[in-house]
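Chains D and L, in that order, are what the protein sequence lines are.
Our numbering numbers the first residue of the first sequence as 1 and each following residue consecutively.
Our numbering numbers the first residue of the second sequence as 1 and each following residue consecutively.
Hints in this document: simulated from the structure, not taken from any laboratory.
It is possible that part of the hints are untrue.
[As the list claims (entries may be wrong)] Cut-off 20 Å, straight-line C-alpha distance, at most; resulting in silico cross-link-like pairs (EDC-like, lysine to aspartate or glutamate):
hint : chain 1 : residue 1 : chain 2 : residue 2
1    : L       : 220       : L       : 202
2    : L       : 211       : L       : 230
3    : D       : 88        : L       : 230
4    : L       : 140       : D       : 31
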Amino acid sequence: MNLKRAFRVWQRHLTVYTKLYKSSIALNFVEPALYLAALGLGLGAFVKEINGVPYIQFIAPGIIASSSMFAAIYECTYSTYVRMTFQKTFDAILATPINLNDLVAGELMWGATKSLLYGTIIIMVISLFGLVQSPLIILVIPLLFITGLIFAEISVMFTAIIPGIDSFNYFYTLFMTPMFLFSGIFFPLDNLPPVVSKIAFFTPLYHLVNICRGLSFGNLQCCIWDIVWITVVVILLAPYPFRLMQRRIIK
Amino acid sequence: MNIVSIKNMTKAYGSLTAVDAIDCQIQQGECFGFLGPNGAGKTTVMRIISCFMPPTSGEVTVFALNVTEKPSAIKARVGVMPQEDNLDPDLTVFENLIVYARYFDIGKQDATHRAGELLSFVGLKEKADAKIEQLSGGMKRRLILARSLVNNPELLVLDEPTTGLDPHSRRSVWEKLNHLKAQNTTLILTTHYMEEAEVLCDRVAIMDMGKIVTIESPQKLMGIHGGNLEEVYLKLTGKVLKEQL
Numbered sequence: 001m002n003l004k005r006a007f008r009v010w011q012r013h014l015t016v017y018t019k020l021y022k023s024s025i026a027l028n029f030v031e032p033a034l035y036l037a038a039l040g041l042g043l044g045a046f047v048k049e050i051n052g053v054p055y056i057q058f059i060a061p062g063i064i065a066s067s068s069m070f071a072a073i074y075e076c077t078y079s080t081y082v083r084m085t086f087q088k089t090f091d092a093i094l095a096t097p098i099n100l101n102d103l104v105a106g107e108l109m110w111g112a113t114k115s116l117l118y119g120t121i122i123i124m125v126i127s128l129f130g131l132v133q134s135p136l137i138i139l140v141i142p143l144l145f146i147t148g149l150i151f152a153e154i155s156v157m158f159t160a161i162i163p164g165i166d167s168f169n170y171f172y173t174l175f176m177t178p179m180f181l182f183s184g185i186f187f188p189l190d191n192l193p194p195v196v197s198k199i200a201f202f203t204p205l206y207h208l209v210n211i212c213r214g215l216s217f218g219n220l221q222c223c224i225w226d227i228v229w230i231t232v233v234v235i236l237l238a239p240y241p242f243r244l245m246q247r248r249i250i251k
Numbered sequence: 001m002n003i004v005s006i007k008n009m010t011k012a013y014g015s016l017t018a019v020d021a022i023d024c025q026i027q028q029g030e031c032f033g034f035l036g037p038n039g040a041g042k043t044t045v046m047r048i049i050s051c052f053m054p055p056t057s058g059e060v061t062v063f064a065l066n067v068t069e070k071p072s073a074i075k076a077r078v079g080v081m082p083q084e085d086n087l088d089p090d091l092t093v094f095e096n097l098i099v100y101a102r103y104f105d106i107g108k109q110d111a112t113h114r115a116g117e118l119l120s121f122v123g124l125k126e127k128a129d130a131k132i133e134q135l136s137g138g139m140k141r142r143l144i145l146a147r148s149l150v151n152n153p154e155l156l157v158l159d160e161p162t163t164g165l166d167p168h169s170r171r172s173v174w175e176k177l178n179h180l181k182a183q184n185t186t187l188i189l190t191t192h193y194m195e196e197a198e199v200l201c202d203r204v205a206i207m208d209m210g211k212i213v214t215i216e217s218p219q220k221l222m223g224i225h226g227g228n229l230e231e232v233y234l235k236l237t238g239k240v241l242k243e244q245l
């Protein structure tokens, strides 16, 4: 894999994105704002506080994590699949000096970039609404690239093995949504059966939520092990998107 | 000088043998055609030459470089016109060329200049800012031809370059290809149109079920076996070249 050639793929995605981004970014505000309003204010009127923190401030940092996750997953499932299968963009690119490993690396880096971008936008939005307690939240930004890579890796792995675009329903319903609901964004997992926390430990979103919430409250120590977790996992998963894509595309 | 050398090359997908131990040498500056119906293995040969996938066995070199060892170096000097349209629907005609040029590390200024030249060459200058979906089938093929030339390739690989085009567009593409031939670009194409092979090719490889039946110039083949290439094909393989509808 050659990083410069991978960058060319990333550049192509950026070029297309800058043509289409306006509607995309605007919409990316709306859903998190709805969650904050409906749950933060609506449910927050009943729940009041969790762990001594007003409910809306409890969930706001989690929304950074979830927006970041959705960005990487949608890019590296749906968009990657469309490029690969319907538009045949991959075929076009592979006729140039770009090889498949460069292309996969470019897809992963682009997914991670979108993850970083959309997570950062949420950081800005919730900071503007005074829902962030500490400037340490800035440290989340580079970490969003790492978790973005993890979500991208998992997504590309899945994209490489599915027979048809409908298969993504399994991915969204059985993996993404449970992870979203049981990652500690909306409620701590302590009061649920211990098996839930044990499973959550193995999901990237759980750790990203801890990191976002910890840094939002200025507490770096509490999320050191989460940072270690994401660093280890992003490296462990790295070979698999390449291997699976090779198997799918180059016969 | 051999631009492409294929020695005892086989490509198998599990139990299916798509290309069966073929041998073929393609000279610089010639227009070489692979003639045969769908399923004969022509596209597979094209994809292996353009380093899209490796052969199962045998040796394939382009510019004396092995396709499995130096794919990027080879692809930098090759232009590919695929059978299917794989243009970027989110980009304009002009942008498609610029973005493609970037994969070859061609700088913005050079790319812009080159794109302008190529659009003139294929007669799409006024369509530079058009969306891909606004183009007719013939225009899309011409754009794909233009795109395949962005890196000034020494070798141009064309997979069914005029399939699906009306006769006027077809002749237009042939005219462009002959122009490139005159500039000493090596052309390799696949086709199941015998007229195309007769008009363009210096030599053709007749392919049937993954094997090369014979390699000869169209004129010689027609001289030996009589009639047009359609009849030559029928004589040599016992099969009809044109697709049965």
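Here is how each hint holds up against the structure:
no. : hint           : result
1   : L:220 to L:202 : holds, 10 Å
2   : L:211 to L:230 : holds, 18 Å
3   : D:88 to L:230  : violated, 32 Å
4   : L:140 to D:31  : violated, 39 Å
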